[in-house]
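> Chain by chain, the residues:
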Amino acid sequence: MNAPDHKTWCRLHAWLALAFRVYIGGLFIYASIYKINYPAEFAETIASYQVVPYFLVNITAVVLPWIELITGTLLLAGIRPRAATAILGGLLVLFTLAIAWVLFQGVPIGCGCFHTIEDPISWKTLVRDLAWLAMTAYIFAHDRLFHLEEHFMMKLKEL
Amino acid sequence: MTADMESAAQPLFCRDADGDPSGALARRLFQLQTLNEASFELSRLASAQEIADSFLLTAMGALGAVQGFVLVMTAAGVRRALSIRGFPEAETAGLRDDPGRIMQTYCSGVKPGKPSPPSRPHILFAGKTSGPMLFPSGTVILVKWVMDDECGFVGLGPKIKEAYSGEDRDFLISLTATFQHFLGRAFFIEEIHRLNADLQSGYAELQDSLAASRRLGKELDRRVYHLRAVNDTVNELSGLLDSGELMQRFLLLSMGAVSAARGYLALFSQPGEQRRLVCRGMEEAVLAEASGSRISRLVTRMLFSGGQGGGSGGLRRGLAVDAEVLTQAGLPADMPGVWFVVDDSRFGFLGLGDRLTPAAFDPLECDFLLTATGAFTVFLRNAGLYEEKNRLIDNLAAQNRELQETLDCLTRSRQEVDVLKAAKQRITELVRCEMDRVGRVSVMDFVLILCVSLAIGILFNSANPSGVGLLPSSWSRPAIQAVDPSLARSRLDQGAAVVVDARPREFFEMKHIPGAVNLPLSLFDFVYGMEMADLDPAREVVVYGGNISRRYDDDVAALLIERGHSDVKVLSGGLDAWEKRGFPVTP
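Going line by line, the protein sequences match chains U and S. According to the working numbering, the first sequence is numbered sequentially starting from 1. According to the working numbering, the second sequence is numbered sequentially starting from 1.
None of these hints come from the bench; they were simulated from the model. A couple of the hints might just be wrong.
Under the rule of at most 25 Å between Cα atoms (straight-line distance), these lysine-lysine pairs were calculated in the DSS-like manner [to be verified]:
hint: 1; chain 1: U; residue 1: K155; chain 2: S; residue 2: K424
hint: 2; chain 1: S; residue 1: K128; chain 2: S; residue 2: K161
hint: 3; chain 1: S; residue 1: K144; chain 2: S; residue 2: K111
hint: 4; chain 1: U; residue 1: K155; chain 2: S; residue 2: K421
hint: 5; chain 1: S; residue 1: K114; chain 2: S; residue 2: K144
hint: 6; chain 1: S; residue 1: K144; chain 2: S; residue 2: K159
Some, not all, of what chain S presents toward chain U, calculated at C-beta under 7 Å [as the list claims (entries may be wrong)]:
hint: 7; residue: V431
hint: 8; residue: E434
hint: 9; residue: V441
hint: 10; residue: L454
hint: 11; residue: G457
hint: 12; residue: L470
hint: 13; residue: N547
Where a beta carbon is used, it is the ideal one built from N, C-alpha and C, also for glycine.
Next comes chain S alone, as it looks inside the complex (with noise of 0.2 Å):
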């Protein structure tokens, strides 16, 4: 494309060469030449900086300057572009280090965000200057423009041969201008490419959005389902109230929550050490070791060690996943699980093991795992109390029955003392009665002891050898003819009878009937053998001699009858009546 252009103006150039002796028109041609190249290399050229350089290089060239720059700053006093050639280090100091000072200098009017009127390219100074400047001081030439908020500057060197001339100057604003437009065009471009770079960098932060998004969506819904996993499992469990039941159905839920295909659940009471265990899936012998006293040292480390959801913050609970802990309790290493404390005296594990996933317990199970476990405790802790009371209840109606019991007891007993009271209060008269009665002197005294005495003599009686009989021998025995004391007179006178006196000897001594024969009923045998044996026994006998207390007359008659005497009589009245009849007695 170049080699046409310079084929098309190669023409023009030759054909013109005579008519134009000045070379003003050669010039003139070069200069557009030099333009319109400098517009094509500029329009290849993307960045501010490389436009300037570009554009330097190309207005040092076709105006024989050997020192130029070129600065573009914002109205901030920030340097856009800066593309120095020629100068000395030291001189372009100003340039590199203080833009803001050059803006504050000759752009006062642009500020940053209120666009001034723009101005085209024009001619600050040309030639050489006197006094401090801000640029280098082997400047000659100054263009300056302002374009919306921007502000450049073109400076150049003195030129090799010559001064500028005004087409010099001409070429140079019109060279400026096109760099301007240019520049301008870089601007837009890299505004554009910014503009692209921040879309395509919003474009990767909205990927990166989305796919946060996403995966928080993801975290979302495993969220969701773990807390309505934990809702379920609150749900179920709180209506339990069997600690062994309600210790059954957390095993089987946290198990399933965490996918394992073996679990146990131990709970631990201080006093005693009394164990109580749950086990799925797995024989209870392998917790043979897990005693009361190591878990309540692994709980005890484990409060105090704040551990992984540890004591720390009121949490009375916690994980234990190092299988060298697990050890130490005598727990099964390969189960991990989480430790609990129930309340004072009640603590105890949950162990979980052969998960489908072989990795630890992610941070959701391990979330699900504390929470239900806080879940299980609470309601552990309800269905204790809930056990407490029924067990309460019960003891209360056992202390009730006792009580009643008691009290029926009570009232027996009170009853017996009421029986008891009435008769000590009956014996109290009584021994009061009798008290009295021992210094009195009773009827009742004289009729019992003559009763004892009359019973014990006649029982006596009748068992002693020498006892006597209690009636009178006459009653039992026929009556014995009696006879007139007047008939007996007679019938003694006329010899015709034989009297006999049967009193005792004193009494016969004392007084008798005249020729009585003395016959004692006590010497009967002895005294009738002298004196009546010989006695006929047809002939007739009056016996007398009875008195109030003895009836001897009647005695000795039977007796003379049963010796045979046919004719024995007893005397009518006795010794009284004979004598009240007057009849004689002896002495």
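Looking at chain U on its own, in the form it has when it is part of the complex (with noise of 0.2 Å):
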């Protein structure tokens, strides 16, 4: 049996990246929904991590949420998908960091991630949000299949 040449691994890659694609921008979008509708308790949540300035904590509270949709979006629909990709593996390196700090400080608060009242923060969450940053990487580093903005830019070239 022959090993897959480049190509067929160039497709796997981008499939796979595809996949990943679809999955981490839904799960931002999900994750997104409830935070932008109770920023009061988002607000709280992020207070807990101890890691925002007090007079930061209400306007990030109601932006990053907004962030976590837009970019969710726009990764799904494959508009300027390596800069939404970028900005939403900062987002998890934030909250892995965050969640690596509040594990190393031992404070016992729920990750927050997608609701307010949650587990609280174990190691297995920061598996988790590593598992996605190594998604988020995967994603930059391969996907090129079926970007709306590169289907309508060719479109435009085509004019």
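Reconstruct the complex from the two isolated chains, following the hints.
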């Protein structure tokens, strides 16, 4: 049995990246919905991490879910996907660091990733976030299928 | 007069009767008298034939001959006079039929146009002759004479009683001489008569010629007038370039030339049967039936029938005067005129009526009409060409204008195309730039996404019923008095102050100042009611518990002040500063 050639590998990577892209994009859109609706609770979550200065807590609670929603949507649709992936990756890095910090501090709080009331942060949470971060990196490296923007630009270029 | 002569001769004859016993004198007298009478008689006669007849009778009577002839011929053998008496018919055939032969035989010296020397009358022979002879066989005495180019013979048959004597011969010669004389006179008279007749005929001819020349002169005058009219017409028409004016002028000139009071000129064009009509002295309605097709048929018939001045000889015009023909073509029958063909597609008819003379056109008028019509067709063609040229020039000008407009339009379009090209170029560049950007990660994208999120988030939060305030509430109220940890400890130790831990319960349970009351912000009302409702409002309260993310101490202190506590202070530096001073915490 012959080993798959480079082209096949590339296609495999691209399709896998597309699957990750859909997953991560959908994940962030889902995560943003509740936080957008209840900014006060999310502000408490942020404050519980004790990472953000008190005067930035509320504004972060208001803006961060929208960043998640918009970048998730852009990633899912394939509009500026690399920029969206980068932002999402950056957010995941921040979240992972925050979780690591909380774990290191031993503060007994919930993650607050999707809802206010969740199980307290644990190593599993950190691993999960690291897995998502790896997916994001994979998307950044291999994603090239079904980019709405590229499709649109190709049409424009044909004109 | 004769009576006088006889009375004069009588005494002489009678007186000498006795003195002349042989009768010689009497015979002599008789002969003289005869000569005289003959002279007298012959002098009254003018014609040569009459003179010859009279002479022959006189000579035969005087000499007593029963047969005789007289023949006078010209040198060419033409008989001038012939008189025959007493000879049988058969014997005179030579005299009647063959004078040339006689001339050749007896007068060979006489040639026409070359007068021979004249010979007086002389006896050619006397007495019976033997052998063949051109003259009648009974001829006994023959006298011949030649004068100028004439030759004459007098022949007599035998006398009744005796033979011819010498006197008889002399008498005959004398008588012949007289005859010759009168014959010559008669010839002169005849010549004079002939000349006179010639003169008269010449005069008559002259008169005829004169009359003819007068007629010719008149004819010439008319022809000159006609030619002048044609010339004037041609000159007048030659300056006109407008076909309508040309038609008007030609009609007027034609009417003037043939003295017509009414006239029309119709011009037809084959395609579409267009008709142009010019009328003078009549209504156009008269020509309502004259359609192009009917006139066309007339013209075609005339062209191929070769009528008067018709299509023969290359002429494409002619007269049409027959009333029936005109009626068939729908034209007024009383207005004859000229049909003409201008070119392949145009033809027409010139009709003229109410002329001063009701007769048909005379040849000059016909000639004028045909010539003038010929000139008219030429000028009409020229006018048509001129108008066509003007039309073409106008067309050309219009086309030029259109071309100019098209060029302007093209120029504008080209400019637009250039602009569009530039726009396309720009768009293409933008697209290429954007395409490039799709694969890259740019700071602008981050900024854009952040800004959009910020704007939407703030807007949504302001509309959200469960929205939060964006700025910390501590910034909008008076600063709460702070207390140094050392001072706070001394006050606690003195029992003068109550310590309140404002943090959430989990943090309180992890670490807190001994004796502190846990009063979390989220459970403030509930815990306050349970644990601090009895507290003296004037008692000093020291609040701590702020961290980097939340000013719990500040918020709780503000609520306490709201509840009426007058001496509320915030622990300066919080729990960290407390611990740093080495003050006790639990657990």
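> Honestly, which of those hints from before does the structure not fit?
Failing hints: none at all.
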